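Asker: Need the complex rebuilt from these two chains, each delivered in its own frame; the hints are there to steer you.
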Amino acid sequence: MLGRTLREVSAALKQGQITPIELCQKCFSLIKKTKFLNAYITVTEEVALKQAEESEKRYKNGQSLGDLDGIPIAVKDNFSTSGIETTCASNMLKGYVPPYNATVVQKLLDQGALLMGKTNLDEFAMGALGSDTGGSTRNPAAHCGLVGVKPSYGLVSRHGLIPLVNSMDVPGILTRYVDDAAIVLGILAGHDPKDSTTVQDPVKPFMLPSLTDVSKLCIGIPKEYLVPELSSEVRSLWSKAADLFESEGAKVIDVSLPHTSYSIVCYHVLCTSEVASNMARFDGLEYGHRCDIDVSTEAMYAATRREGFNDVVRGRILSGNFFLLKENYENYFIKAQKVRRLIANDFVNVFNSGVDVLLTPTTLSEAVPYLEFIKEDNRTRSAQDDIFTQAVNMAGLPAVSIPVALSDQGLPIGLQFIGRAFCDQQLLTIAKWFEKQVQFPVTQLQEFVDDCSSILENEKLASFSLKQ
Amino acid sequence: MWARAVWLGLRAPLGGRRGFTSKADPQGSGRVTAEVIEHLERLALVDFGSREAVARLEKAIAFADRLHAVHTDGVEPMESVLEDRCLYLRSDNVVEGNCAEELLQNSHRVVEEYFVAPPGMCCPEWFNR
Numbered sequence: 001m002l003g004r005t006l007r008e009v010s011a012a013l014k015q016g017q018i019t020p021i022e023l024c025q026k027c028f029s030l031i032k033k034t035k036f037l038n039a040y041i042t043v044t045e046e047v048a049l050k051q052a053e054e055s056e057k058r059y060k061n062g063q064s065l066g067d068l069d070g071i072p073i074a075v076k077d078n079f080s081t082s083g084i085e086t087t088c089a090s091n092m093l094k095g096y097v098p099p100y101n102a103t104v105v106q107k108l109l110d111q112g113a114l115l116m117g118k119t120n121l122d123e124f125a126m127g128a129l130g131s132d133t134g135g136s137t138r139n140p141a142a143h144c145g146l147v148g149v150k151p152s153y154g155l156v157s158r159h160g161l162i163p164l165v166n167s168m169d170v171p172g173i174l175t176r177y178v179d180d181a182a183i184v185l186g187i188l189a190g191h192d193p194k195d196s197t198t199v200q201d202p203v204k205p206f207m208l209p210s211l212t213d214v215s216k217l218c219i220g221i222p223k224e225y226l227v228p229e230l231s232s233e234v235r236s237l238w239s240k241a242a243d244l245f246e247s248e249g250a251k252v253i254d255v256s257l258p259h260t261s262y263s264i265v266c267y268h269v270l271c272t273s274e275v276a277s278n279m280a281r282f283d284g285l286e287y288g289h290r291c292d293i294d295v296s297t298e299a300m301y302a303a304t305r306r307e308g309f310n311d312v313v314r315g316r317i318l319s320g321n322f323f324l325l326k327e328n329y330e331n332y333f334i335k336a337q338k339v340r341r342l343i344a345n346d347f348v349n350v351f352n353s354g355v356d357v358l359l360t361p362t363t364l365s366e367a368v369p370y371l372e373f374i375k376e377d378n379r380t381r382s383a384q385d386d387i388f389t390q391a392v393n394m395a396g397l398p399a400v401s402i403p404v405a406l407s408d409q410g411l412p413i414g415l416q417f418i419g420r421a422f423c424d425q426q427l428l429t430i431a432k433w434f435e436k437q438v439q440f441p442v443t444q445l446q447e448f449v450d451d452c453s454s455i456l457e458n459e460k461l462a463s464f465s466l467k468q
Numbered sequence: 001m002w003a004r005a006v007w008l009g010l011r012a013p014l015g016g017r018r019g020f021t022s023k024a025d026p027q028g029s030g031r032v033t034a035e036v037i038e039h040l041e042r043l044a045l046v047d048f049g050s051r052e053a054v055a056r057l058e059k060a061i062a063f064a065d066r067l068h069a070v071h072t073d074g075v076e077p078m079e080s081v082l083e084d085r086c087l088y089l090r091s092d093n094v095v096e097g098n099c100a101e102e103l104l105q106n107s108h109r110v111v112e113e114y115f116v117a118p119p120g121m122c123c124p125e126w127f128n129r
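Chains A and B are the protein sequences, given in the same order.
So in the UniProt record's numbering, spot 444 of the first sequence is number 444, and the numbers just go up one at a time.
So in the UniProt record's numbering, spot 15 of the second sequence is number 15, and the numbers just go up one at a time.
In isolation and in its complexed conformation, chain B is listed as follows (with noise of 0.2 Å):
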C-alpha cells in the first residue's frame, strides 16, 4: 500500500488535477469512472488534462457502442488482409548493426554506451533516503 501511496505523491507535482468523473453526459455513456481515468492514466502514461477531455472519451466509447449492432457471429476477427499469405521471414543472419554511436546521439541523456533513466517504482532504498 505504502507504494500506492509514494505513486500518487509523486503524481501530485505534474499539476494534479482532480474530479474529472463525467457526472451524466446526456451524449456519454457514463463509463469513464474515476477509476477509469486512473487506471488509463497509468496505462497510457498520458495524462487527460481537463474535463473536456474526459467527455471525449465518454463520446468516441459512445460511438463505438455503435459496433455492437452487427451480427457478428459466426465471424473470425481480421487482423490482416494479407492472412492468407506466408508472412515472409528473412534467415537468421547478422546483415547490418554496429551503430551504437549513431542511434546514442539521438538520446538526451546517455553515459558511456547506456541510456540513462531515472529509477523505476520497485526500489525501496531509494524512497528512504
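Isolated chain A (complex conformation) (with noise of 0.2 Å):
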C-alpha cells in the first residue's frame, strides 16, 4: 500500500480496503524503523491520528472530501505549522510554535491530509543540495527517485513559508508519480489574498491527460548545459531521453541559453542579498531564540543571532550586506538583476522560437557520498550542484525532475523538464509520457527497512546526523 498512486491508495480508502487509521500506523511504523535517516525534525503522531479518525468517519459516511482525504503527508519544517513546532532547522527557531498554518499547509489540510511531521533540511534552507529557491525541491528528488515539481513562480502560495529570497522562492512538490504531484498542484495553485505575489489567473485542479502522441512536440536541448563535470552517466541518459523522443517522433533540436554561465554567480549575489534582509527579522525579541545578555539591544541581537544562526547562514547574511552597502549596490545588486533579466530573457527566446519544453540533467552526478561531500564549503557546493536548476528559479519557470534509472553503484539519477511559465500542466503531461516510457523501479520499500534493520544490528553506527 505504501508504495502505490495517491489514486490508487485514495481508492482503497474509499473502498474499504484500508482505513485511514491503519494507514497512517503503517507509516509511523515505517518512520520509526528508519529514524536514524534523521529524516523528521518533529513527527506528530498525536495530531495525525486524531485527523485519520476524522478521515475515517467521513469515508464511513460516505463524505470523503477527494483525492487527499486520509492520505499521509509529511511538510518541510519551514513551512508554518499552527501549535506544532517549526524550526528551519535552526536554533534561531528552536521551540518556535507558529499561531498559523501555511497556505499550503491549510489547503492540504482541508482536503483531508493526514500531516505525519515536518520534515528535515539544511539550517533555513540553505544547504548545497540547492537551497530553497535554487533547486531543493528538484536535486533532492533526482538523488532519491522521486518526482520532484517546481511550480511557476506566482501559481502557488508563499504564506508561511519562511522565506529565503522572495522573487524566487517557491513550494515544490515530492511525490513517486507525476500524477499524484499533478492532484496535489491542482489543489495547491491559485491565488491566495495573503500572498500578492500570487497570480490572479482563475485555477482548477487538473487532470493529466495521458498523452500517445508525442509527434507534436519540441523539444530543446540547452547546449551550454553540457558541461565537463557532467557524469558520463548522466550525459548517457540524457542523450537517451532525447533519443527517445525522436524516435516517437517529436522534433528535438539543440538550443542556446547563451548566459547560463552566468547564472550561478548571478543567483549568488540576489540570494544573499535577499537573505541579508530576510534574516534581518530574527532578533530574539518577538519569537525565537533570545540569549540571556540583557546590557543593550545591539548587544542581545548580536548574540542572539551569533548563537542561533549557523556560520553558512551568518556567511550568506554578510556577503549579502555586502553587496548591498551603498558603495556596493550598484556594481553588484543591481548589476546582478540586471543580469537576471537577460538570463530570464534567454529562456523567454528559446520559447518564443517554437519550443514546448526544455529537458536536461537536474544533477551532475548521482549523490556523492558524505564524507566526500563535505570535502568542499556550502558556496561551492551550490555553485556546483544548483547549476542546473537555478537558472529556473531566477526565470520563475515550472521544472520538474523525473527518476531515469539506477547508476552502476544503484543510486538514482533524474532528468528535468523545463516548461513555460503557467504552462505547469503542460510540463506536467509531457513529463507523465516520459515517466511511461522510462518505468523506474519502483523503491522495495520492505527489503530496504529489513536491509537497514540487519545492518545496524551487526554494526555500531556512528550519528548518520547530516546537520549538527
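Check the hints yourself; a few may be wrong.
What the hints assert, rightly or not - In silico DSSO-like cross-links for lysine-lysine, where the CA-CA straight-line distance does not exceed 30 Å: (1) A/Lys94 x A/Lys33; (2) B/Lys59 x A/Lys32; (3) A/Lys251 x A/Lys240; (4) B/Lys59 x A/Lys194; (5) A/Lys94 x A/Lys26; (6) B/Lys59 x A/Lys326; (7) A/Lys107 x A/Lys14; (8) A/Lys35 x A/Lys94; (9) A/Lys436 x A/Lys223.
If you're looking for bench data, these hints aren't it; they were derived computationally from the structure.
Model, not experiment: these values are computed from the prediction.
Answerer: In C-alpha cells form, the structure reads like this:
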C-alpha cells in the first residue's frame, strides 16, 4: 500500500480495503524504523491519528473530501504549522510554535490529508543540495528517485513559508508519481489574498491527459548545459532521453541559453542579498531564540544571532550585506538584477522560437557520499550542484525532475523538464508520458527497511545526522 | 565619540577577537579590510567569528566579480518575474487580528502586552548610572 499511487490509495480507502488509521500506523511504523536517517525533525503522531479518525468517519459516511482525504503527507520544516514547532532546522527557531498554518498546509489539511510530521532540511534551507530557491525540490528528487515539481513562481502561495529569497522561493512538491504531483498541485495552486505575489488567473484542479502522440512536440536541448563536470552516466541518460523523444516523432533541437555560465554568480549575489534582508527579522524579541545578554539591544541582537545561526547562514548574511553596501549596490546587486533579466530573456527567446519544453539533467551525477560531500564548503557545493536547477528559479519557470534510472552504484538519477511560465499542466503532461516510457523501478520499501535493520544490528553506526 | 568608545567597550565581552583583516589572499580580492569587517558586523549584527569566515567572504566577492564580464548596457534591472502584471492589493478592511495573546506567547520576555527589549544606544542617562 505504501508504494502505490495516490489515486490507488484513495480508491482503496473509499472501498474500505484499508482505513486511514491503518495507513497512518503503517507510515509511522516505517518512520520509526528509519529514524536513523533523521528525516523528521518533528513527528506529529497524535495530530495525525486524530486527523485519521476524522477521515475514517467521513469515509464511513460516504463523505470523503477528495483524493487527498486520509493520505499521509509530510511538510518541510520551513512551512508554518499552527501549534506545531517550526524550526527551519535552526537554533534560531528552536521551540518556535507558529499560531497559524501556511496557506499550502491549510489547503492540504482542508482536503483531509494527514500530517505525519515536519521534515529535516539544511538550516534555513541554505543547503548545498540547492537552497530552497535554487533546486532543493528537484535535486533531492533526482538523488532519491522521486518526482520533484517546482511550480511557476506566482502559482502557489508562499504565505507561511519562512522566506529565503522572496523573488525566487516557491513551494515544491515531492511524490513518487507525476499524477500524484499533479493532484497536489491542483489543490495548492491559485491566488491567495495573503500573498500578493500570487497571480489572479483562475486555476482549477486538473487531470493530466495520457499523451500518446508526441509528434507535435518540440523539445529543446540547451547546449550550454553540456558541461565537462557532467558525469558520463547522466550524460548518457540525457542523450538517450532525447533519442527517445525523437524516435517517437517529436522534434528535438539544440537551443542556446547564452548567459547560462553567469547564472550561478548572479544567483549568488541576489540570494545572499535577499537573505541578508530576510534574516534581519531574527532578533530574539518577538519569537525564536533569545540570548541571556541584556546590556543593550545591539549586544542582545548580536549574541542571539551568533547563537542562533550556523556558519553558512551567517556567511550568507555577511556576503549579502556586503553587496548591499552603498558603495557596492550598483556594481553588485543592481548588476545582478540586470543579468537576471538577461537570463530570463534567454528562456523567453527559446520558448518563443517554438520550443515546448527543455530537457536537461537535474544534477551533475548521482548522490555523492557524505564524506566526499563535506570536503567542499557550502558555496562551492551550491555553485556546482545547482547548475541545472537554479536558472529556472531566476526566470520563475516551472520545472520537474523525473527519476530515470539507477547508476552503476545503484543510486537514482533524474532528468529535468523546464516549461513555459504558467504552462505547468503541459509540462507535467509531457513528464507523465516520459515517466511511462522510462518505467523507473519502484523502491522496495520493506526490503530496504529490513536490510537497514540488519545492518544496524551488526554494526555500531556513528551518528547519521547530516546536520549538527 | 564617547558613544563609539562605549559601543566598542560593550562589544568586548562578546568574545572579542580582532585582527582578522585578510592579508594578500591569492583567491581573495583584498577588499575585506578591518573597516569593512567592523562596518558589516555592525550592519548585519552577525560577527565573522574567525579568519576563515573573512576568507570565505573574500572568495564570495571574487566570485561575484565575474558578473562584471557581462555586458548590461541598456538592460533594466529585473526585480520580479511578474513585473508585467498588476500587483494585487486587497481592500483596506480589517478582516483578522485580535490575536495579541497568541503572539505574545512566542516571546521570551514579555511584560503585560509589551515585548521587552534591552536599552538602545541613545540613553546617556543609562550609561552614566
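Asker: Could you check the structure against the hints above and give me the numbers of any it violates, in ascending order?
Answerer: Result: hints 2 and 4 break, sorted rising.
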